[in-house]
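Number of protein chains: 2
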Amino acid sequence: MTTIRVAYQGERGAFSERAARRLAGDEIETIACMTFDAMFDSVLNDESDCCVAPIENSLAGSIHRNYDLMTESGLSIAGETNLRIVHNLIAPPDVELHHIRRVYSHPVALAQCTRFLGAHRAMEPTAVHDTAGAVRIIMEEHLDDAAASASDDAAAIYGARILVRGVEDNAQNFTRFLLLKSTDRHLPVPAPAARWKTSLVFRIANKPGALFRALGVFAMFDIDLSKIESRPIEGKPWEYAFYLDLIGRAEDAKIARAISNLSEMAEMVRVLGSYPSKW
Amino acid sequence: MTTIRVAYQGERGAFSERAARRLAGDEIETIACMTFDAMFDSVLNDESDCCVAPIENSLAGSIHRNYDLMTESGLSIAGETNLRIVHNLIAPPDVELHHIRRVYSHPVALAQCTRFLGAHRAMEPTAVHDTAGAVRIIMEEHLDDAAASASDDAAAIYGARILVRGVEDNAQNFTRFLLLKSTDRHLPVPAPAARWKTSLVFRIANKPGALFRALGVFAMFDIDLSKIESRPIEGKPWEYAFYLDLIGRAEDAKIARAISNLSEMAEMVRVLGSYPSKW
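Protein chains in written order, with this note's numbering: chain W, 1279 to 1557; chain S, 1279 to 1557.
Just chain W, with the same shape it has in the complex:
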């Protein structure tokens, strides 16, 4: 049996790497990518078998670039998980709290620690590309007045020290990750889950009542929607595609019927995948 290669964005110790293990198991080879684009390319070029994409944060909202890349790439969804995001203030072992003048992290992570940073005005927030990368930087460059905000995994991997745990403003901080693979690729079947979800994207004519009628196909069969998101269509300012998540599998009789009805009225419908939801 060959080891599954899972691409993720960030450096070793990134939250995405933890999500990869939760979705695909501990016996995987993780492949670090600098950007989301590079991560998708890695799967399309067959350098990886699948990738793990953060798609939504419970505080910051959707990660639009990954919605777009998911559609453009034609990859399909094979699994979903939610990770509690805990940011920690992490410094080299000999650096004390009162030494710190800069805190490195991803801009979204810094934005989620505004209360802590507001109470520690001496610390200037400094944006870098990745939370775990921030820990690597402060360790490699032997910075004696800098800290990072990142996961406890990252602190352990780079031999840094956690000075303050849980510096995030809001504990209800979860990120939803999707496992994405080529449509024709067979991944080992995931363990049976409590519930399945199906994601799809559709476009409808921009006229009164159009979205109402589109949602009617699901309401008619009492299908539970878990999310709707409008996304601008590139090249057509202020026209939108709709991303929809629903509870159930695309093969279920009612859901198959609803999607078939939607196809009759929509300009485009694409099922992005049916997958077990792992919490």
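Because the hints were derived from the structure by calculation, they are not lab data. Here the structure is a predicted model, which is why all the values come from computation and not from measurement.
Identical chains blur together in the list; that is why a pair holds if it fits in one copy or across any two.
Derived DSS-like pairs (lysine-lysine); straight-line CA-CA distance at most 27 Å:
| no. | residue 1 | residue 2 |
| --- | --- | --- |
| 1 | 1485 | 1514 |
| 2 | 1485 | 1505 |
| 3 | 1556 | 1485 |
| 4 | 1556 | 1532 |
| 5 | 1514 | 1556 |
| 6 | 1556 | 1505 |
Using the hints, position chain S against chain W.
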């Protein structure tokens, strides 16, 4: 007559400053703020009469922080405009294209210039807080190997030179700005516009068919929706509020009736404002 004070995020020459003049006229005092939070505070503390908030980009999607701040602050919408966003490669007068090793700009602006940057691998993208601020930095620090990506306004203000015009990937790049004011503040009446829009936010119970029924109140009266957006509710992971834009004024008989019907079934409805849409 006193001069209107308009707060915006960014530095002199920011796209937001141009939007401020388009929305409130040339005879205004613009007040530069470091962050969106500071900009809203400026209005709430009566240091400004109103502010100009970018709310959506036709490529990048909604600017969620401003949706949240608009709701939290209780400010209401007094106007709307759309600005074509053109990014230019801007350098100090004596710096030539082949000297450039770094390009400073806001992360979203850098992400919109990936084709240009991909074709000029010697230039490392470097994130700073503001596009216009990037021009100020390269001029003040006399950097001889750096450029900025920003508006032509910023080039003119800081005495820098445009080396390449229009380095953005996609010309269909517009940002929608809202003029926001305290509900009880009277601003000079804006010029009559071709059309009015109304924005509102609502929450409904998380059950099958709920969104369908909510949209039905508008479909029933043939009201044209121009945008729907779901936003996570802080503290309730995976529950959503919905932001809706529709064509018309909240005082129009059909729209007033629809909003009243929505209030009967929703957990919360708030009208964020009716305003002229200036293109």
